[in-house]
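Engineer: Sequence:
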Amino acid sequence: MAIQGIESVVQALQSTALQAGGKSAEAGNQADFGAELKAALNRISETQTASRQQAQDFELGKAGISLNDVMVDMQKSSVSMQMGIQVRNKLVSAYTEIMNMTV
Numbered sequence: 001m002a003i004q005g006i007e008s009v010v011q012a013l014q015s016t017a018l019q020a021g022g023k024s025a026e027a028g029n030q031a032d033f034g035a036e037l038k039a040a041l042n043r044i045s046e047t048q049t050a051s052r053q054q055a056q057d058f059e060l061g062k063a064g065i066s067l068n069d070v071m072v073d074m075q076k077s078s079v080s081m082q083m084g085i086q087v088r089n090k091l092v093s094a095y096t097e098i099m100n101m102t103v
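Take the sequence shown: its position 8, counting from 1, is numbered 8 in the numbering used here, and each next residue is one higher.
Be aware that one or more of the hints could be misleading.
Keeping only pairs whose Cα atoms sit at most 27 Å apart, straight-line, the calculated DSSO-like set for lysine-lysine is [stated by the list, open to error]:
id	residue 1	residue 2
1	Lys38	Lys90
2	Lys76	Lys62
3	Lys38	Lys76
4	Lys90	Lys76
FRET-style restraints, in silico, Cβ to Cβ [said to hold, decoys possible]:
id	residue 1	residue 2	range
5	Ser78	Asp57	28 to 36 Å
6	Asp69	Met101	46 to 54 Å
7	Gln75	Ala40	37 to 45 Å
8	Asp69	Asn100	42 to 50 Å
Calculated from the structure, these hints are not laboratory results. This one's a predicted model, so the numbers in the text were calculated from it and none came from an experiment. Glycine is no exception: its CB is placed at the ideal position from the N, C-alpha and C atoms.
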């Protein structure tokens with residue numbers, strides 16, 4: 001998944017929101033949507049990395065790693081990636097819809 005593509009969409013949405021609200025770029029104590037999205041992408045990446053590492057350790061025959069655990073972790077990784085793709089698709093769809101609105 002292209003993180004740069006998502007970040008550019010998030011930045012465009014934030015700038016549009018700031019222009020519409022006439023607010024400054026200060027977020028204060030509010031949660032930053034872009035930061036939360038990036039953190040979620042980092043968690044997906046960490047899940048995939050851990051899954052790959054565990055599969056590699058299983059292939060090398062390291063003790064304490066069962067096939068069941070490897071398969072479950074690989075499935076978790078796959079599901080988290082699919083969720084990330086769906087979130088990206090919804091963001092792009094929402095951005096496109098907002099940009100096509102007449103004012």
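Engineer: Between Lys38 and Lys90, is the straight-line Cα distance small enough, at 27 Å or below?
Structural biologist: Roughly 16 Å between the alpha carbons, so the hint for Lys38 and Lys90 holds.
Engineer: Hey, Lys38 versus Lys76, does the alpha-carbon distance stay inside 27 Å?
Structural biologist: holds, 19 Å
Engineer: Could one say that the CB atoms of Asp69 and Met101 fall in the range 46 to 54 Å?
Structural biologist: For Asp69 and Met101 the Cβ distance comes to about 48 Å; the hint holds.
Engineer: Per the hint of 37 to 45 Å, is the separation of the Cβ atoms of Gln75 and Ala40 within bounds?
Structural biologist: About 19 Å separates the Cβ atoms of Gln75 and Ala40, which means 37 to 45 Å is violated.
Engineer: Is the gap between the beta carbons of Asp69 and Asn100 within 42 to 50 Å?
Structural biologist: holds, 47 Å
Engineer: Quick check on a hinted range of 28 to 36 Å for Ser78 and Asp57, using CB atoms only.
Structural biologist: Given range 28 to 36 Å: violated, Cβ gap about 19 Å.
Engineer: When you check the alpha-carbon spacing of Lys90 and Lys76, does it fall within 27 Å?
Structural biologist: At roughly 21 Å apart (the allowed maximum being 27 Å), Lys76 and Lys90 satisfy the hint.
Engineer: Is the straight-line distance between the alpha-carbon of Lys76 and that of Lys62 27 Å or less?
Structural biologist: holds, 21 Å
Against the hints set out earlier in the document, violations occur for numbers 5, 7.
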